[in-house]
Structures are given as structure tokens and as C-alpha cells.
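As given, the protein sequences belong to chains W and E, one line each in that order. The working numbering applies: residue 5 is where the first sequence begins, and numbers increase by one. The working numbering applies: residue 5 is where the second sequence begins, and numbers increase by one.
The set of hints was computed from the structure by calculation and includes no laboratory data. Treat the hints with caution; some may be incorrect.
Label pairs and their in silico Cβ distance ranges [what the hints assert, rightly or not]:
id, chain 1, residue 1, chain 2, residue 2, range
1, W, A251, E, P194, 51 to 59 Å
2, E, P56, W, L8, 20 to 28 Å
3, E, V28, W, P344, 37 to 45 Å
4, W, P26, E, D182, 53 to 61 Å
5, W, R304, E, P115, 24 to 32 Å
6, W, P26, E, P194, 51 to 59 Å
7, W, A89, E, A20, 43 to 51 Å
Stretch-level coverage of chain E by chain W, calculated; a stretch enters the list once three of its residues show a Cβ under 8 Å from a Cβ in chain W [said to hold, decoys possible]:
id, stretch
8, 24 to 36
9, 70 to 78
10, 263 to 274
11, 295 to 309
12, 320 to 331
13, 342 to 354
Incomplete in silico selection of chain E near chain W, CB under 7 Å [what the hints assert, rightly or not]:
id, residue
14, L8
15, P12
16, I18
17, A20
18, P56
19, R281
Cβ atoms here follow ideal geometry from the backbone N, Cα and C, with glycine treated the same way.
Number of protein chains: 2
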Amino acid sequence: MSSLPVVPQPAPHIAAVPATTPFVAPEELARRVGRSELLRLGANESAFGPSPRAIAAMRDAVARTSWYGDPESLELRAALAARHACRVDEIVVASGIDELMGLIVRAFCGPGDPCVATHGTYPTLFYHLNAYGARPEFAPPGPEGGIDPDGIVAAVRRSGAKLVYIANPDNPSGAFADRATLAALRAALPDDVLLFLDEAYADFVSRESLPADVIDPRTIRTRTFSKAYGMAGARIGYALASTEIIATFQKIRLHFGVNRTAQIGALASLEDDAFLRGVVAEVGRGREDYHALGARLGARTLPSSTNFVCFEVGTRAQAERMVELLLELGVFVRKPWAAPIDGFVRVTVGTAAEREAFAARFAEALELVREKATT
Amino acid sequence: MSSLPVVPQPAPHIAAVPATTPFVAPEELARRVGRSELLRLGANESAFGPSPRAIAAMRDAVARTSWYGDPESLELRAALAARHACRVDEIVVASGIDELMGLIVRAFCGPGDPCVATHGTYPTLFYHLNAYGARPEFAPPGPEGGIDPDGIVAAVRRSGAKLVYIANPDNPSGAFADRATLAALRAALPDDVLLFLDEAYADFVSRESLPADVIDPRTIRTRTFSKAYGMAGARIGYALASTEIIATFQKIRLHFGVNRTAQIGALASLEDDAFLRGVVAEVGRGREDYHALGARLGARTLPSSTNFVCFEVGTRAQAERMVELLLELGVFVRKPWAAPIDGFVRVTVGTAAEREAFAARFAEALELVREKATT
Numbered sequence: 005m006s007s008l009p010v011v012p013q014p015a016p017h018i019a020a021v022p023a024t025t026p027f028v029a030p031e032e033l034a035r036r037v038g039r040s041e042l043l044r045l046g047a048n049e050s051a052f053g054p055s056p057r058a059i060a061a062m063r064d065a066v067a068r069t070s071w072y073g074d075p076e077s078l079e080l081r082a083a084l085a086a087r088h089a090c091r092v093d094e095i096v097v098a099s100g101i102d103e104l105m106g107l108i109v110r111a112f113c114g115p116g117d118p119c120v121a122t123h124g125t126y127p128t129l130f131y132h133l134n135a136y137g138a139r140p141e142f143a144p145p146g147p148e149g150g151i152d153p154d155g156i157v158a159a160v161r162r163s164g165a166k167l168v169y170i171a172n173p174d175n176p177s178g179a180f181a182d183r184a185t186l187a188a189l190r191a192a193l194p195d196d197v198l199l200f201l202d203e204a205y206a207d208f209v210s211r212e213s214l215p216a217d218v219i220d221p222r223t224i225r226t227r228t229f230s231k232a233y234g235m236a237g238a239r240i241g242y243a244l245a246s247t248e249i250i251a252t253f254q255k256i257r258l259h260f261g262v263n264r265t266a267q268i269g270a271l272a273s274l275e276d277d278a279f280l281r282g283v284v285a286e287v288g289r290g291r292e293d294y295h296a297l298g299a300r301l302g303a304r305t306l307p308s309s310t311n312f313v314c315f316e317v318g319t320r321a322q323a324e325r326m327v328e329l330l331l332e333l334g335v336f337v338r339k340p341w342a343a344p345i346d347g348f349v350r351v352t353v354g355t356a357a358e359r360e361a362f363a364a365r366f367a368e369a370l371e372l373v374r375e376k377a378t379t
Numbered sequence: 005m006s007s008l009p010v011v012p013q014p015a016p017h018i019a020a021v022p023a024t025t026p027f028v029a030p031e032e033l034a035r036r037v038g039r040s041e042l043l044r045l046g047a048n049e050s051a052f053g054p055s056p057r058a059i060a061a062m063r064d065a066v067a068r069t070s071w072y073g074d075p076e077s078l079e080l081r082a083a084l085a086a087r088h089a090c091r092v093d094e095i096v097v098a099s100g101i102d103e104l105m106g107l108i109v110r111a112f113c114g115p116g117d118p119c120v121a122t123h124g125t126y127p128t129l130f131y132h133l134n135a136y137g138a139r140p141e142f143a144p145p146g147p148e149g150g151i152d153p154d155g156i157v158a159a160v161r162r163s164g165a166k167l168v169y170i171a172n173p174d175n176p177s178g179a180f181a182d183r184a185t186l187a188a189l190r191a192a193l194p195d196d197v198l199l200f201l202d203e204a205y206a207d208f209v210s211r212e213s214l215p216a217d218v219i220d221p222r223t224i225r226t227r228t229f230s231k232a233y234g235m236a237g238a239r240i241g242y243a244l245a246s247t248e249i250i251a252t253f254q255k256i257r258l259h260f261g262v263n264r265t266a267q268i269g270a271l272a273s274l275e276d277d278a279f280l281r282g283v284v285a286e287v288g289r290g291r292e293d294y295h296a297l298g299a300r301l302g303a304r305t306l307p308s309s310t311n312f313v314c315f316e317v318g319t320r321a322q323a324e325r326m327v328e329l330l331l332e333l334g335v336f337v338r339k340p341w342a343a344p345i346d347g348f349v350r351v352t353v354g355t356a357a358e359r360e361a362f363a364a365r366f367a368e369a370l371e372l373v374r375e376k377a378t379t
């Protein structure tokens, strides 16, 4: 009788975590279809790049890569504090919202604890909940994705959850809940419930429609340089919260996780408002193009407050087929994972040329999907 | 009677974590003494920068910061697998060894669990142990810092620890335990104990004296581009371990934490062996300079297998005073935190010009420290 060799084992709660891959990268997808690159419209990367000022600052910074970045990101936090009219110690900088999400779950949602989130929203939240042994308590989505405030309050009452996650604007639907809606929702939640507002796409929305820039001791808002600022590869984002909450993150966060060149690029980006306004305007034009394309092809589109638009393809299986067909045609898109919008594909706004290239391939693929449906 | 407002609270085990700052950054230290910058010899950053090839590759990459990096770092891992004669799925890439350290503690050392480490070694380990609710079980240091293998085995027996941490070469002492010593230690540890070898400074040691490049199912080795490769600000490092252990990290790690430009720079670095050899040779000359300086000033130095050297100042208080005096003179150094080497200061090897500048200021400060001791 043979016996297995004794080797070190992870803690049981880690061993119990299911193996999942949050996202398959476009590089890997390209390899699968034998292409060297794809038209990247699947990860909501900015087609308009970083600000030229940020590029110049980062190029200059690269030779000093031998120096650690400032673990406190003080210069950047000072600039962000001025922008949001808050204190430096009401801000923490991290390697993107994904890292902040992990920290928030780790600090505010223990093993076995529920976290209320809308079924269908940004899946990385659920990845972190699983990885920390917490559990999702789903609120129903709105009629076209996005949130159902009453459903969220009901899920909190039902589960006793102390953490609520809302992506606003929402990914993957593109839906947006305005200042008044969120204020009413916050007021309806118990005081000991932490509201985690993931505002990755907030730069595409007017400041007046977003929650006011006032630090609420019961709310964490996260922002990123990955979307409108065009710095997804830099991995840099931040959270706005009370000094008490930020002090909690200071006790457990990775202090040397943020790339130095990213810190410098983010700071330069903040000083280039004209560039940001230009990106937001062009993204608005791109959304209009996509809505017009959908109307022309008879593929319903969802309203979007982000840099992507969801196109209706048909059934879930048809939308999955569409993702595959587009991949074969060299286009990387993703699709919402849950009803009522799992028959849609989500397409990032590209440059005008990329939008045209997408339009042609989408029309071609749509014909194939519909052909198959009728035969 | 007034009552405190109800606000969300972190999980009790997180609330219980003491507030600590792993390291005060040189930027902050410079602010404290009213200087715009310091001679940075305190964080073991490379004075020789990244490889020119890496700089060129990173400069070129910056304009594409709008793209996410490959979450699997496949190209880089393929190059590393070739270098270490192992499989791609025996490697995980992360934002430096600090991030890997957090992952290892999280996966292999649950709340309340002991982890054996040498008293006095790299303090970030203890930061992560605290932050995850685990606890250090100290092994005694060697006579001049570094490890005491028998003491480690005894601490494991005493505590039942399933995780052992060794920085090798050690920081802050610079001591090195060779292949035979580590093989004997591994053999003396129970099979279910995971040995975590932090090899941040391994590039300064000959390959033959390091543990052989064979994946051991009971050992994790971590490496970084921060030291000899001169890319501390990039935040990129990796772990070598069994496919089972790497698969465990895949279930819980931050998949999009690594900067894209850093991935590209690291890959370019690996292709520039001549540069690395040059850095290692110059660091060797710098250590000799420091040993000669210590001999000239009557300040004993410790043998070092790294890019830093420890100089004896006197008592712990005197060494603390030395750090302050050097800071006032515009020089950033740090000091070992524990006996038997807490009367030393740790000084990174700078360029020849930086070494000269340091020598003058160290001589000046040493005189002040000694003067005070005799009055």
C-alpha cells in the first residue's frame, strides 16, 4: 500500500476556496485563436491612452525605477485631497480598485459574513468574498441591470449584512444611480452598515450627479486612474473614507504595492483636466455611435454612463456565441454574466477607427448568430 | 448623556491589529529635516539603476499604460521558468516579495498560528503576521545576526509551527547560509513544515552557493527585481514553488496587481546578464570600500552577501543617534532593530561618488557620537 508524501498544506479555509480565474486576459485569448493581437474592446481600457503629460512624466520617471515609490503616496494624496475637498488622511492609494476591494472585504466582512451586492455586477467582488471566506447575499438587479435600491435594503434586512457593494456607474450594465437615489438608499440602510461605492467609471459622469464630495463615515468610495485617465496598466486607484476607516487600511495594507512611475503618472494626469474633458467628450460621441449602430442592426443597446455599451444579441447562448465569433474575427469583448442582461455583449468605446472596425465585424457576426437561430 | 454615533466597524480581529508603520520613507524623513532630498542609502535600492535595456523597454511601454498587464505574466514567467529550469506553473509573479509574503502568511499561517523566524530579521514579515492575526515564534539569531539552524529547529519543535521564514542572504545583517546549511536545515524540519526562503538578495551570491534550482514541494523561494536588477519602484517579484502551492496562490491572489510597464521592464532585465554581472561586481567593490572605511574609522563591519554593509557604532542608543545625525547631514540609512547587531547601522552600497560622500559624513557623525560617549 502506497501513501501520499507529506507536504505542507494551506489553512483549511484557504484550501476550501474554489479555483477560479477572475478574467481570461486578451493575451491568452489571442493565443487561443492564433493571433498576435486583438482589437481590445473587452476590458474597458481607454482607447485614448494616458494624458500626454502623464506619458511624458512617466517616461522621465522610468530611469529612477531603482527607487521605491513613497509608501504613503503623499504628493498624490495631497492633490487628491484638494480635488475632493477632503483631508489627506481620508484617502488611501492602492494598486487599483481591485486591491482596495480585497482590503475592504478583509477588514469589514469576516469569514462567513454576508455582503450584499447586486446579482450580475462586477465579478471581482465575488472573487474576493470567496477568497476571504465571506459570502455574497444577492440583491436583485434593476430591469436593465444596475441597482434596485429596495432590493438592496431588503437583502440587508434579510441577511444582517454589514457591507453593501454598489458599482456606480455599474459594470457591466453601464447603469447609473444618481446622487438623490444613493442618498435615499444610504438613509435607508442601518447606521452600522458600510456602503462601498465602487466609482471606477465616475469620471464619465458629471460631478453634480455623483454623490457630493463629503466624507461620510459610513461610506467608502473608490476611484481609479484605469478608466477615463487611461492608466489601467499602471495599477493605481484610491479610496475616500473617514480617517477611522483609512487608519484601519493602514494597519493591514501592502505599503509598498504601488509602482513609483504610476504615482508620478497619476499626479501628472490630475493636472491635465483638458485631456480628461476631451476623453469624456469623445467617449460620449463613441457611445452615440454604438447606439446608432445598434439601432441600424436591430440590436438594442442599454443606456450607459461609462466607456462601454451593451448590445443585445439574443439568448445567453447567442451572446456567448457572439463573444466567440468576434474573437475569431480578432475582436475581444466580454459579456454580462447574469440575467436580465446575459443576452448582451459589452463593448468598450474605441477610437473612431476602432468603432468602425468593430461595426463591420459585429454586423458580420450578428448575421451568423441570427442565421443559426433561424435554421 | 451623549452617546457615540454608530458607524461601521472592522472585523474584531482587524480592529485588534496594532497600528504600525512598516517603514518611514526617505521622502518623509527628508521633509522632517527640511531637505528636498537625501543620499538614499537606507532602503537597499540599487545605486546602479535598472538595466539600460529595461529603461528603454519601459520608456517604450509607457504610452500603452492604458492597457492592463497580462494578469498571468505569462511571457515573464516563461523566461523565468527557462532561467530556473522549472515549469511556468511553478512560478507566480506579484508586486514584490512584500506582496508574496502577505500571500504566504494568509495561505499558510492562520489566525493564532505560529511562524518561526529569526529575531531581528526583515520586519515586514512580522507586519504581515500581525495583520493576519498570526504570531511570530522567534528563533535566536546567529552570533552576528543571520540564522541559527539549531535554534530554528528547536523553535519549530517547541511551537509546532508549520511555517518557517528565512531571509537568505539576511536583511539587515547581510549574513548568508549556504546550500549545504539550508539542505541540512530542510532535512531537519518536519515534512509538513513549509520553509519560506526570502531570496531578495540572492542575485549578489553565486548560483552554486544558493539552494539548487530544483522545486521542493516543502519550500517556497521568493525573488525580486528590486535589488540587483534596480527596479524597486516597479514592484515586481516572484515565487518559485510546487504547482500545488502556486495553485493555492492563484485562488486568492490579486490578479491585476502588477504594473504592465514593470512586467516589460523585468523581462528586458532578464535578457541583460552583462548588466547584472556588472552591478554585482561593482557592489562587491563597494562592500570592500565600506569594509576598508570601517577599518580606517575603527567601526567594525559585518561580512555581507548583499548590497549593504553593517557598521558597528556602539550601543543601541548610539546607533540610533548615528541614524539621526546622518539624517541631519542629508544621509538616509536604517539600523538593525534587534540584538546582537542593534548597535550597528546598515548602509547600502552607493556609487563610488556616493560612497565617498557617505564616508565623509559617517566620519563626521562618528566623531560626534564618540565625543558624546566620552563626555
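Hints and how they fare:
As the Cβ distance of A251/W to P194/E is approximately 40 Å, the hint placing it in 51 to 59 Å is violated. Checked against the hint of 20 to 28 Å, the pair P56/E and L8/W fails, with Cβ atoms roughly 49 Å apart. One distance hint, 37 to 45 Å for the beta-carbon pair V28/E and P344/W, is violated here, with the actual separation near 52 Å. In this structure, P26/W and D182/E break the distance hint of 53 to 61 Å, their C-beta atoms being roughly 41 Å apart.
R304/W and P115/E have their C-beta atoms about 50 Å apart, which leaves the hinted 24 to 32 Å range violated. A beta carbon spacing of about 35 Å between P26/W and P194/E contradicts the range 51 to 59 Å that was offered as a hint. Separated by about 33 Å at the C-beta atoms, A89/W and A20/E break the suggested range of 43 to 51 Å. Taking a C-beta to C-beta cut-off of 8 Å, the stretch 24 to 36 of chain E contributes 7 residues in contact with chain W, enough for the three needed, and the coverage statement holds.
A stretch counts as covered by a chain when three or more of its residues have a beta carbon under 8 Å from one of that chain; for the stretch 70 to 78 of chain E and chain W the count is 8, and the coverage holds. As drawn, the stretch 263 to 274 of chain E meets chain W at 5 residues by the rule of a beta-carbon pair under 8 Å; at three or more, the given contact holds. With a threshold of 8 Å between beta carbons, the proposed coverage of the stretch 295 to 309 of chain E by chain W is violated, since 0 of its residues qualify and at least three are required. Requiring three or more residues with a Cβ within less than 8 Å of a Cβ of chain W, the coverage given for the stretch 320 to 331 of chain E is violated, as only 0 such residues are present.
Taking a C-beta to C-beta cut-off of 8 Å, the stretch 342 to 354 of chain E contributes 0 residues in contact with chain W, too few for the three needed, and the coverage statement is violated. Interface restraint check: L8/E against chain W, minimum CB-CB distance 11 Å, threshold 7 Å, status violated. Of the supplied interface hints, the one on P12/E holds, with its beta-carbon coming within about 4 Å of a beta-carbon of chain W, less than 7 Å. At a threshold of 7 Å, the smallest CB-CB gap from I18/E to chain W is about 5 Å, leaving the interface hint in force.
Restraint check, A20/E versus chain W: the minimum CB separation of about 10 Å is more than 7 Å; hint violated. The closest approach between the C-beta of P56/E and any C-beta of chain W is roughly 9 Å, which is over the 7 Å cut-off, so the hint fails. This hint is violated: R281/E has a C-beta 17 Å from the nearest C-beta of chain W, more than the 7 Å allowed.
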